[in-house]
Every structure is written in C-alpha cells, then in structure tokens.
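There are 2 protein chains.
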Amino acid sequence: MKNIVISGTNMVSEEIAKSLANSLSAELCKPIYKVFPDGESYVRLPCNVKDSKAIVVQSLINPQDKSIIEAILLGDAIKESGAKDQILITPYLAYSRQDKVFLEGEPISIRGILKIFSDYYNILATIEIHKEDSLKFFNKKAINIRPYTYMAEKIGFDSKNIAVLSPDIGAIDRAKILSSYLNCEYDYFIKARDRITGEITMQTKELDVKGKDIIVVDDIISTGGTILKATQILKNQGARNIYVMVSHALLLENAEEKLFSNGVNKIYAANTLPKKSKVDYIDVGPLIAKNLSAYLD
Amino acid sequence: MKNIVISGTNMVSEEIAKSLANSLSAELCKPIYKVFPDGESYVRLPCNVKDSKAIVVQSLINPQDKSIIEAILLGDAIKESGAKDQILITPYLAYSRQDKVFLEGEPISIRGILKIFSDYYNILATIEIHKEDSLKFFNKKAINIRPYTYMAEKIGFDSKNIAVLSPDIGAIDRAKILSSYLNCEYDYFIKARDRITGEITMQTKELDVKGKDIIVVDDIISTGGTILKATQILKNQGARNIYVMVSHALLLENAEEKLFSNGVNKIYAANTLPKKSKVDYIDVGPLIAKNLSAYLD
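Top to bottom, those sequences are chains A and B.
Per the UniProt record's numbering, the first sequence starts with residue 1, numbered consecutively.
Per the UniProt record's numbering, the second sequence starts with residue 1, numbered consecutively.
The set of hints was computed from the structure by calculation and includes no laboratory data.
A virtual CB, placed ideally from N, CA and C, is assigned to each residue, including glycine.
A hint or two may mislead.
[What the hints assert, rightly or not] Pair ranges (Cβ atoms, derived): (1) Leu-252/B / Lys-176/A: 52 to 60 Å; (2) Lys-30/A / Leu-252/B: 24 to 32 Å; (3) Lys-136/B / Lys-131/A: 34 to 42 Å; (4) Asp-38/A / Lys-205/B: 27 to 35 Å.
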C-alpha cells in the first residue's frame, strides 16, 4: 500500500497538503476542480488511488459549506476509485463552536458535519477543535492535534521572564500545556459582570504580569474582542511584550489592526485559514505528518 | 401525531412550503436563519416539532452547497427536538446530473448528496430528478414526483392540433406521459454528427410538425442550447406555436432571452428555482401534498 496526499480545493489546503506530502515522502495529488455555470462544484482525481491510503486535506474555510461538500465529493471519488483507507484532514473544522443546543430548537451543527464525514472517511484529524469532546460525533477514528508546543518550538521564545495566560478558565489546559513546555508560570483571566452597570470586567487570577512577556493562548481568534480586552488590562498592569498564540486566526472585521494598534506585539497562528498580512504563521504540515504516522504505511 | 411543514432557508423553499402546508392543512414553521460574520450558517426552529412528522422543504438552489448544509442542520435540529419522522422535500435536487463516473477519478456527486441526507431523513421527495435510478443512493424511502400532467392540467392547453416532442430518445418517457394526458402524438429528436464537419444536426424522427402547436418537454433547461436548436428546426418546418415545458428552469446566462427571441412562445416551469421574468410558473405545493399524503397522518 502507498500513501497519497490529495490537496483540497482551496489555497490553504494546497499549502498544507504539499507540506504534509513532503513530510511523509508521499505522492501529492492535486484534483481537477471547477465550478459549473449553475454553481455546482466538480472535482476529479488525476491520480491513481487504488489500494492506497488516501489522505484528503481540506481546511473548511469560507465558504465553509462549499468546502464541506467538496470534501464529500473528494471522499466519494477516492472511494469510487478504490482507495483502501480514506483519511480526512480538516486543519480548520468549521461549525465546531455550535457544539451544543444553546437555545431550544437549535441543531448541534458540528454533529451534523462530523456525521456526514463519517459516511466517507474512516479517519479524521483536525488541528485543535473548539471542544475535543465534539469529536465523538465522528463515528470512526478521530484525532485532535494540539499545536501549541510545536508552535512554541518553531517560534523559539527566548525570554527569561515569560508567562502564559488563558482568556478564561475553560481553556486553561492550553495554557498548562504551553507553560509546561516553556517551563514558566501560567494563569487565567476571571471575568466578572458588574451588578450595577452590567459591564464585564476581566482580571488575572493571581499572576503579577508587571515587566513580564505574556503569551495569551487560545484555540481561535474571531473578532478578537476578548483578547483585545485582555491586552489592555495586561498593558495597564505593566506587562512588557504581549504575544498571542492561536490555532486559528479568523481575525474578522478589523480585528488584526485593532489588536496590533492596542499593544499586541505578535500574533502567532497555525496556517489553517487564509493569511492576514501581519500574522506570523507556523506550518502544521510536519505536525500532522507526525500525528498520522501510526495510521500510515 | 401532527404534520409540520418547515420552510427552508431560501425564497423558493418558503413559497413551496407555504403552499404545501396550506394543501395539507398543516402547521407552517419558518426557521430563524442567519449567517455568522465568519460565514457559517445558523438555523433554529421556533416551533415545537416533538413527536410530529416534520417536513423540511429545501430547494437546493444556488449556492447549492449552502442549501445542502442548511438541510443537514435543519435535519439535526428536528431530530434533536424529537420529531418522529423526518421528511425532506428537495423541489430541485442539485448535483443530480453528475450521476455516474463520466471520466475516471470523478465522484458520483448525487450519491454523495443523497447519502448524507440519509443520515437525517427517512423520506425524501423531489420534483423530477434527472435520472430516477439515482434515488437508489438515498438509503430510505425516496419519491420522484413527475409534474408534467399536473402542469398540463394547470396550464389547460386548448389547441386541437398539438404534439409533444422530447429533445432526445433518453427522455422520451416524459413526452409519452404528457401526450397520453393530452391525447396527442409524440415524437423525439434524433441527433446526428456530420462525419465531415463535425456539426451536430437534429431532426424529428417522423412527426410532421407543420401547422402544429408543439410542446417540447424536458426535465431541465440549463443554458438552453438543445431547446434553442430544436426551436429553430421546428420553426423551419412550419410549426405554429412552440411551448417549452420543464420541471426546472435554470435558464443560465441569457437563455431566457435567446429562446423567446428565437420563436419560443411560452416557457412553463415548476416553481423549483428562482424566478425569471418571462417564464410561467406552476406551483407544485399541491402536487407534493398529494404525493406525500400516504406517508402523513
């Protein structure tokens, strides 16, 4: 059996697929892809995947629904063409924040997406899903790859006076992992709502940030509101440099500009989403290769 | 148990859902629907579907992939909310023309789409799928609704000198059904390729169209190339009026203008797709109701 990496239908997926194939010394296959005049997607594999372990890399970027359906079409094509194993890598797994019913009448969107992928793939790997528990909705083998120590290794922080902060207690394990690797302190922000004004305030639980270089770590930056607030507090309390490290940098609206102009020194992100000009990206191809190796030839 | 019709997330689906609910004297439920800033879809049911037969109407119009994923999200929501039966009506079923592997390495796209719907729905009904045989890819009960006699009844053709033509022999059963209802002749076009010029010519097999009103019937008009050619031939041979009757009027690019300016008198279509200004639409809500009644309370 051979391993073949099939790059998905967007530029983000192409970049990671190329790097993954390189790390695995595997064949790279780039599908023929077009959109018909009526708007339907068309894919075709120009490579022979018969009896192979076929690894489709498709980051579920905007337009997410198109990315999802194309992953289904690629799954059908590799199955039809006789691949022995169908592996799907979704560096960014869309819909993972709708992971429960918040209001009656809602779907669990991530369940829907993972369920339909189960029809076509027997292994799924993703970079840092919002809640790891959601992967139970994929009926086969699912792998959550946490990139934080890998990213820290590639970045090579050399500060002697560094600490890691989580924006809230729910995400504290990410801070723990990173601080353990960097051998430094970690803490989290406590959010409180003022009972009179309704204003939400944040403060670090106990860490004294004065003069320290702080890494704020999270799975995703969306509009950046929480991280902006955290930055302002850290600056007021005398933090020296502020680094933001996330798996997925959506940075919607003007989040990038807002963060940099308010005191963030660097934003580090995995290369799972379309690139923003001032963000430092860490290629996760080699990391995915390492996490997949047990399942490959 | 009660029947609830849930209108899909586009205007085409809303119109049919309203008409279907009316025909069934069923409750109509309009989901709350929005798109998040990052591009993900959100749906929520504002109605109680517990223990009901929940009928989701979602025409898979452009953007097709968004329409498909929203049908999955609605499926998850009605299942989560305790519906006893999940029924999906896709008046227009996208991807049904990629129903086999034409070139090695292709998916059977319609298989992929129907397979994922099988995860959430136990009955699926559609208006005239391109090839009825494709419905085998839906693992539960699937219903293909042929609208031609219903449409003819609503239109009320009163010509004494009418005939039905199919653009090719593959679609001849549509012409047979319609001619049987109208009690008139039918025929089909034979396509031939000139061995020297490569030009494709069309001619009616044996019908003399001179002075006749002709109904050209097909499942779908896309760019309208074949029907345009048919119209020109029919006009040259002295046909009187030319009516086009299809289930699905995509009418891409300038097809509508092209057909009307080249001799087509009327285009009749089911209301399964976004409306074009000069097409006469026949609402298929009551027809769907009739075809579903055996499965409802």
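Each hint tested on the structure:
1. Checked against the given bound of 52 to 60 Å, the beta carbons of Leu-252/B and Lys-176/A, roughly 55 Å apart, stay inside it.
2. Restraint check, Lys-30/A to Leu-252/B: a C-beta distance of roughly 28 Å satisfies the suggested window 24 to 32 Å.
3. A hinted range of 34 to 42 Å holds for the C-beta pair Lys-136/B and Lys-131/A, which are about 37 Å apart.
4. Distance hint check for Asp-38/A and Lys-205/B: the Cβ-Cβ separation is about 30 Å, which falls inside the suggested range of 27 to 35 Å.
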